[in-house]
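Asker: Residue-level listing of the chains:
2 protein chains.
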Amino acid sequence: MRYELYYWPTIQGRGEFVRLALEEAGADYVDVARKRAARDAITTLLDRKAEKHPPFAPPALKAGKLVIAQTANILLYLGPRLKLAPKGEGERLWLHQLQLTIADFVKEIHDTHHPISSQLYFEDQIEAAKANAKQFWRYRAPKFLGYFETVLTRSGGPYALGRRLSYVDLSLFQIVAGLRYAFPRRMKRFEKRIPRLIALHDRVAKRLRIAAYLGSSRRIAFNEWGIFRRYPELDR
Amino acid sequence: MRYELYYWPTIQGRGEFVRLALEEAGADYVDVARKRAARDAITTLLDRKAEKHPPFAPPALKAGKLVIAQTANILLYLGPRLKLAPKGEGERLWLHQLQLTIADFVKEIHDTHHPISSQLYFEDQIEAAKANAKQFWRYRAPKFLGYFETVLTRSGGPYALGRRLSYVDLSLFQIVAGLRYAFPRRMKRFEKRIPRLIALHDRVAKRLRIAAYLGSSRRIAFNEWGIFRRYPELDR
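Heads up: the sequence lines are chains A and B, in that order. Taking my numbering, the leading residue of the first sequence gets 6, the next gets one more, and so forth. Taking my numbering, the leading residue of the second sequence gets 6, the next gets one more, and so forth.
Isolated chain A, as found in the complex:
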């Protein structure tokens, strides 16, 4: 099966959690909007009047006749097919639960720089962003990161499910990499509190296919249009 991924071609964004899973599995896929002459592919998909299951927003995955949207939902579907999730219902629900908690965290990370509205520039909400980032690092980041550290402790490690890699581990890698990019000073101070999560990040980064992907032009660089943005004002 050749999968088609529909996501913005200039950012990692939420699409990156899907890209990492496809790359780790060595799946046959096309990152549609990154193909030349296909830059309007996303709008075409979203606006298709005949689509009975229209996505609210990218990312979306075409798999045969299915069109699936919502990052965690795409991974729920891909997981067992890419051998990045177990097949038993209890374990699949648990993994999905973790991915949904990652999705919540991603939204809160995004809101540190855009707490008022994504429709306004950062410069137009900078004071609110500073206040949000301060509270985020006081309460929310420690709570989320501490939670995932606990999960790795209880699983016995090195992965969220124990010895077997899953798509959640790839997403946790991305969280650590993204926070390091966006908040280098705060992360430097914080990392000693989450040793298992950092070890997981390093282990994933060294996996053959992930390392090849990260070194390729398929990996879009972090930038100031995605979820993780480096604004020194927010990283005291």
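Honestly, I wouldn't trust all of these hints.
[To be verified] In silico DSSO-like pairs for lysine-lysine, Cα to Cα no more than 27 angstroms straight-line: (1) K70/A <-> K88/B; (2) K70/B <-> K88/A; (3) K92/B <-> K70/B; (4) K197/A <-> K139/A; (5) K135/A <-> K135/B; (6) K67/B <-> K148/A; (7) K148/A <-> K112/B; (8) K92/B <-> K92/A; (9) K92/B <-> K88/A; (10) K92/B <-> K67/A; (11) K57/A <-> K92/B; (12) K88/B <-> K57/A; (13) K135/A <-> K112/B; (14) K112/B <-> K139/A; (15) K54/B <-> K148/A; (16) K88/A <-> K57/B; (17) K197/A <-> K54/B; (18) K148/B <-> K67/A; (19) K135/B <-> K139/A; (20) K112/A <-> K135/B; (21) K197/B <-> K57/A; (22) K112/A <-> K148/B; (23) K57/B <-> K92/A; (24) K112/A <-> K112/B; (25) K67/B <-> K92/A; (26) K54/B <-> K67/B; (27) K57/B <-> K112/A; (28) K92/A <-> K88/B; (29) K139/B <-> K135/A; (30) K54/A <-> K148/B; (31) K57/B <-> K148/A; (32) K139/B <-> K197/B.
In short, the hints are calculated from the structure, not lab data.
With chain A held as given, fit chain B onto it using these hints.
Answerer: Frame of chain A, contents of chain B only:
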């Protein structure tokens, strides 16, 4: 199977989306924290050191040996069991995708009154809240509500899947009811743009078990501690 729901006993909150499904199905369930002498049940569940699959936050559902958290994940599990979701994979993923979009909307609704942090009082972030609510009603509410209106159009109605009720319809009922509570003036002006969604709300409210539930003491009243809060400053 007797289900156990773990959720805050004083608010509708995210737990309400699960309560509505259990009520519509006439399921055998206990709303654990609302039982006298069980008010600390949630902390006990969250703090249980032996729990291999710890929830990040309520709601959580105990179903036999399974502990499932994340609202949409709970509904994914309950859906086919309560006959509120079809069994085919494609339709189940579509329904779940809609529920995840509702979850995103719920978070944005919550953030209208707490854009800086849930840890601070409303009064300490009132200017940011006003700015957020303004943008929310300019861009986000029309986008989300218009999207669900489109879904109802494409399904042929009256429900998200067409003629068959699902848990998503119960959640959409709750969204309309909540927005009417929190933003009575804005909703009054907006409702004519979403006739199918309003008709869905009215239809769900009249269902026998839902009507009985809404009239019972099991339905907690809307209040200023939940997701939907009535602050006149935000409802010009």
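Asker: Hint by hint, work out which the structure violates, then give me just those numbers in ascending order.
Answerer: Those not satisfied: there are none.
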